[in-house]
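Chains A and B supply the protein sequences, listed in that same order.
The first sequence begins at 1 in UniProt numbering and counts up one residue at a time.
The second sequence begins at 1 in UniProt numbering and counts up one residue at a time.
Honestly, I wouldn't trust all of these hints.
[Said to hold, decoys possible] The calculated DSSO-like cross-link candidates involving lysine-lysine, where the alpha carbons are at most 27 Å apart (straight line), are:
| # | chain 1 | residue 1 | chain 2 | residue 2 |
| --- | --- | --- | --- | --- |
| 1 | B | K175 | A | K323 |
| 2 | A | K424 | A | K343 |
| 3 | B | K175 | B | K60 |
| 4 | A | K424 | B | K213 |
| 5 | A | K343 | A | K60 |
| 6 | A | K213 | B | K343 |
| 7 | A | K424 | A | K443 |
| 8 | A | K175 | A | K323 |
| 9 | B | K143 | A | K424 |
| 10 | B | K384 | B | K343 |
| 11 | B | K143 | B | K60 |
| 12 | B | K143 | A | K113 |
| 13 | B | K384 | B | K424 |
| 14 | B | K410 | B | K355 |
| 15 | B | K175 | B | K384 |
| 16 | A | K143 | A | K113 |
| 17 | A | K410 | A | K147 |
| 18 | A | K147 | A | K457 |
| 19 | A | K323 | B | K143 |
| 20 | A | K213 | B | K410 |
| 21 | A | K443 | A | K143 |
Hints listed in this document are in silico derivations from the structure and should not be mistaken for laboratory results.
Protein chains: 2
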Amino acid sequence: MSLDAVLSRIDAQIPEATDRLLDLLRIPSISTDPAYKADCDRAADWLVDDLRSLGAEAEKRPTPGHPMVVGHIGEGAPHLLFYGHYDVQPVDPLNLWDRDPFDPQLEETANGKVIRGRGSSDDKGQLMTFVEACRAWIAENGKLPCKITFFFEGEEESGSPSLVPFMNDNAEELKTDVALICDTGLFGEDTPAIVTMLRGLLGEELTITGPVKDLHSGMYGGPSMNPIRVLSRIIAGLHDDQGRITVPDFYEGVPELPDEIRAQWQGLGFDHGSFLGEVGLSEPAGEQDRTPLEMIWSRPTCEVNGIWGGYTGDGFKTVLPSKAHAKISFRLVGQQDPHAIRKNFRAYVESQLPKDCQVDWHGHGASQASQMEIDHPAFEAARKALSDEWPNPAAYVGCGGSIPIAGHFKRILDTDAMLIGFGKDDDQIHSPNEKYDLSSFHKGIRSWARILDAISKG
Amino acid sequence: MSLDAVLSRIDAQIPEATDRLLDLLRIPSISTDPAYKADCDRAADWLVDDLRSLGAEAEKRPTPGHPMVVGHIGEGAPHLLFYGHYDVQPVDPLNLWDRDPFDPQLEETANGKVIRGRGSSDDKGQLMTFVEACRAWIAENGKLPCKITFFFEGEEESGSPSLVPFMNDNAEELKTDVALICDTGLFGEDTPAIVTMLRGLLGEELTITGPVKDLHSGMYGGPSMNPIRVLSRIIAGLHDDQGRITVPDFYEGVPELPDEIRAQWQGLGFDHGSFLGEVGLSEPAGEQDRTPLEMIWSRPTCEVNGIWGGYTGDGFKTVLPSKAHAKISFRLVGQQDPHAIRKNFRAYVESQLPKDCQVDWHGHGASQASQMEIDHPAFEAARKALSDEWPNPAAYVGCGGSIPIAGHFKRILDTDAMLIGFGKDDDQIHSPNEKYDLSSFHKGIRSWARILDAISKG
Numbered sequence: 001m002s003l004d005a006v007l008s009r010i011d012a013q014i015p016e017a018t019d020r021l022l023d024l025l026r027i028p029s030i031s032t033d034p035a036y037k038a039d040c041d042r043a044a045d046w047l048v049d050d051l052r053s054l055g056a057e058a059e060k061r062p063t064p065g066h067p068m069v070v071g072h073i074g075e076g077a078p079h080l081l082f083y084g085h086y087d088v089q090p091v092d093p094l095n096l097w098d099r100d101p102f103d104p105q106l107e108e109t110a111n112g113k114v115i116r117g118r119g120s121s122d123d124k125g126q127l128m129t130f131v132e133a134c135r136a137w138i139a140e141n142g143k144l145p146c147k148i149t150f151f152f153e154g155e156e157e158s159g160s161p162s163l164v165p166f167m168n169d170n171a172e173e174l175k176t177d178v179a180l181i182c183d184t185g186l187f188g189e190d191t192p193a194i195v196t197m198l199r200g201l202l203g204e205e206l207t208i209t210g211p212v213k214d215l216h217s218g219m220y221g222g223p224s225m226n227p228i229r230v231l232s233r234i235i236a237g238l239h240d241d242q243g244r245i246t247v248p249d250f251y252e253g254v255p256e257l258p259d260e261i262r263a264q265w266q267g268l269g270f271d272h273g274s275f276l277g278e279v280g281l282s283e284p285a286g287e288q289d290r291t292p293l294e295m296i297w298s299r300p301t302c303e304v305n306g307i308w309g310g311y312t313g314d315g316f317k318t319v320l321p322s323k324a325h326a327k328i329s330f331r332l333v334g335q336q337d338p339h340a341i342r343k344n345f346r347a348y349v350e351s352q353l354p355k356d357c358q359v360d361w362h363g364h365g366a367s368q369a370s371q372m373e374i375d376h377p378a379f380e381a382a383r384k385a386l387s388d389e390w391p392n393p394a395a396y397v398g399c400g401g402s403i404p405i406a407g408h409f410k411r412i413l414d415t416d417a418m419l420i421g422f423g424k425d426d427d428q429i430h431s432p433n434e435k436y437d438l439s440s441f442h443k444g445i446r447s448w449a450r451i452l453d454a455i456s457k458g
Numbered sequence: 001m002s003l004d005a006v007l008s009r010i011d012a013q014i015p016e017a018t019d020r021l022l023d024l025l026r027i028p029s030i031s032t033d034p035a036y037k038a039d040c041d042r043a044a045d046w047l048v049d050d051l052r053s054l055g056a057e058a059e060k061r062p063t064p065g066h067p068m069v070v071g072h073i074g075e076g077a078p079h080l081l082f083y084g085h086y087d088v089q090p091v092d093p094l095n096l097w098d099r100d101p102f103d104p105q106l107e108e109t110a111n112g113k114v115i116r117g118r119g120s121s122d123d124k125g126q127l128m129t130f131v132e133a134c135r136a137w138i139a140e141n142g143k144l145p146c147k148i149t150f151f152f153e154g155e156e157e158s159g160s161p162s163l164v165p166f167m168n169d170n171a172e173e174l175k176t177d178v179a180l181i182c183d184t185g186l187f188g189e190d191t192p193a194i195v196t197m198l199r200g201l202l203g204e205e206l207t208i209t210g211p212v213k214d215l216h217s218g219m220y221g222g223p224s225m226n227p228i229r230v231l232s233r234i235i236a237g238l239h240d241d242q243g244r245i246t247v248p249d250f251y252e253g254v255p256e257l258p259d260e261i262r263a264q265w266q267g268l269g270f271d272h273g274s275f276l277g278e279v280g281l282s283e284p285a286g287e288q289d290r291t292p293l294e295m296i297w298s299r300p301t302c303e304v305n306g307i308w309g310g311y312t313g314d315g316f317k318t319v320l321p322s323k324a325h326a327k328i329s330f331r332l333v334g335q336q337d338p339h340a341i342r343k344n345f346r347a348y349v350e351s352q353l354p355k356d357c358q359v360d361w362h363g364h365g366a367s368q369a370s371q372m373e374i375d376h377p378a379f380e381a382a383r384k385a386l387s388d389e390w391p392n393p394a395a396y397v398g399c400g401g402s403i404p405i406a407g408h409f410k411r412i413l414d415t416d417a418m419l420i421g422f423g424k425d426d427d428q429i430h431s432p433n434e435k436y437d438l439s440s441f442h443k444g445i446r447s448w449a450r451i452l453d454a455i456s457k458g
């Protein structure tokens, strides 16, 4: 058994691996929109078939929402679990895409070849790096070096409502020595990363109702309250002048960053100017006494992800609307309790409503932040394996996004999770024209082959 | 020639008149939405045909937008012009309609029969009250008592962009002794009104751009500015704690209400509690030192008519949007200059933008307020005629809505306009389930017959 032979095979078979990914990307598995339910199901079927082609015992498992895919293959220690998600984000605004988001293609760009399409980076492309590493390993060696359980979710982009119940119901089957999660990015072009801190996420949707029906602003403008104005005032008041969030007790459970971690992060040479400059910004918003990297990796936020009310079509309509809506989310860190924050946020908003307004709530996901224990030898083995593949050594980093699965592995299965991914900052995940560099895909597959080798030897 | 005979004929032929109105209401002539351009054209054709059936010389006249309809009929003094508009408001939210808005029907309700459908009250039903009065008059007497020019517009609900150029180009043809406009309401169930004060309207649409593309709130939430939050803060700051508008110099040209007018209005017995109560409100918003009637008839306002940005579909998307949009309008009074206010408003918003934001503007209509001179004997003749038809005498009142045509008649044609209409507060104009009481339609037709009689004798 030779790692070099597996890596050579990976290099030789990148065109076939890319074609398989393009095939999966053609399935519009948008989990948050009920119109795409059958497509989510189809993506799950595709993965079951693909795992079976490796020789895995794989099945689609029903949930009240979109199905899980679970597969088992191989023998021997350690027993690894690999997690990814096959669902994708919505694609609007569709007019900003340069091609059909579900007609993916390998494109030549100034920065090399990219795989363009919704889900190419988040998370189908990343998920397939591991599957392809296993395929090459099996093709070269006849079998994998240890036992592997695949666990693919179809609700990650819509709050994962079925995940915890499913993990609870199938805890024995899913309990492994280490979990591997591929849904994060490189730290830099040449620097891989293992994420050890993840922010939690709380999603809230509110509808403020003023008058019981839409009114004519000529007839009622003045004496009638306008719920868009009420909502705007509430949103405007959610941050103070220093960028801090005003919800009572919001910062309970937010730890100060230890000095050694701050020093390590400062040593990474993160370029704040170009991080903002790439998206057309020049000044960090947010808490005025924190650096952008600190904000993203270690500080909580409150963002408005959507707002709507009144007439939003072409032309003008002098309506005084009955209702105004917003989707608001909080990124959480440390020990912040999402349920306490939900309660405090709702009470805070309700305390600011004028007498003639009412608010209706729709809660979306609520997950706590995660902090990994990196004592398991697999962490250091993986870090070294990654460092062998990439120009720069791998770093332990934080992550501003929310991948609650890592916390669930710890709490439900008592399994530590390693978050390793190959996405780049310019992948435009959740945005139009999402892409995944072919080099991310290729070196990602090679990285997993090295990690499998290192962990199974350790 | 007997007025009584005309009135009896009107009573007898209400079913046929109603059928004609239903036919016109079936045409979805939504002027603000380009998708309905052909329907606007069709509504104009319908009116041309109907005026020709009365014996009028009628034509559809092209404009850069939707066509005008102009018709002439009869001889003798005074020469009257009658104005109405055949376009209607959009119908969203469609799910709040109890029936197809363009499949109108005569419905029995607890308050009597109503004509239900978009445009039934605003303005097709009102427009047809005058046409039907003319039809009955001609049927009974062979001809009208004076010369009448019909002038119907198809862009009233979308800012009337072609109106002023058309009036300028056709001033000689449209110049008459008095103009009649039927686009307003009764003061109360039994009290007709002639409107002598009308608010102006300024419409603005703004788009605030922060980051150059939609971002992932996990990756950028914190250091990146959010244009929805910027827009919310700007909207929240447009009014102070007392409900006054904060745009610099906004109140220049706003007259104080003369004491005698305030006294007259107080004598009308307007029920502020039930005015608000009918739409589910209990407390007047707006300027805290004004009564609701004073606010609506004589005070300027600033309203948000629409807001949108980010993800607004089902489920949740943790997007940090690139853009946020709002449609904002101002109702103007007295000598307020809409162009100066537009300039000051834009400068005020721009002065509040953070460094990394930009704003793009799209101006909609801009019209000054109007104040009628009621010296022409036709005003008093009409007031008496109305008082003969209805249980209570007719009142001279203000109007919160904006009907710029009245000001244009004065400025361009030097013609005073009488605004007389039969709509009710619960007609739900601009809202789902718009209706026009059959009694409004019937007594409206009778009222115009009486007014024609009175003015032509005077």
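Tested hints:
no. : hint            : in the structure
1   : B:K175 - A:K323 : violated (44 Å)
2   : A:K424 - A:K343 : violated (36 Å)
3   : B:K175 - B:K60  : holds (18 Å)
4   : A:K424 - B:K213 : holds (16 Å)
5   : A:K343 - A:K60  : violated (36 Å)
6   : A:K213 - B:K343 : violated (33 Å)
7   : A:K424 - A:K443 : holds (13 Å)
8   : A:K175 - A:K323 : violated (47 Å)
9   : B:K143 - A:K424 : violated (81 Å)
10  : B:K384 - B:K343 : violated (44 Å)
11  : B:K143 - B:K60  : holds (23 Å)
12  : B:K143 - A:K113 : violated (81 Å)
13  : B:K384 - B:K424 : holds (21 Å)
14  : B:K410 - B:K355 : violated (45 Å)
15  : B:K175 - B:K384 : holds (25 Å)
16  : A:K143 - A:K113 : violated (31 Å)
17  : A:K410 - A:K147 : holds (20 Å)
18  : A:K147 - A:K457 : holds (13 Å)
19  : A:K323 - B:K143 : violated (51 Å)
20  : A:K213 - B:K410 : violated (35 Å)
21  : A:K443 - A:K143 : holds (22 Å)
Violated hints, listed in ascending order, are 1, 2, 5, 6, 8, 9, 10, 12, 14, 16, 19, 20; each of the other numbered hints is respected by the structure.
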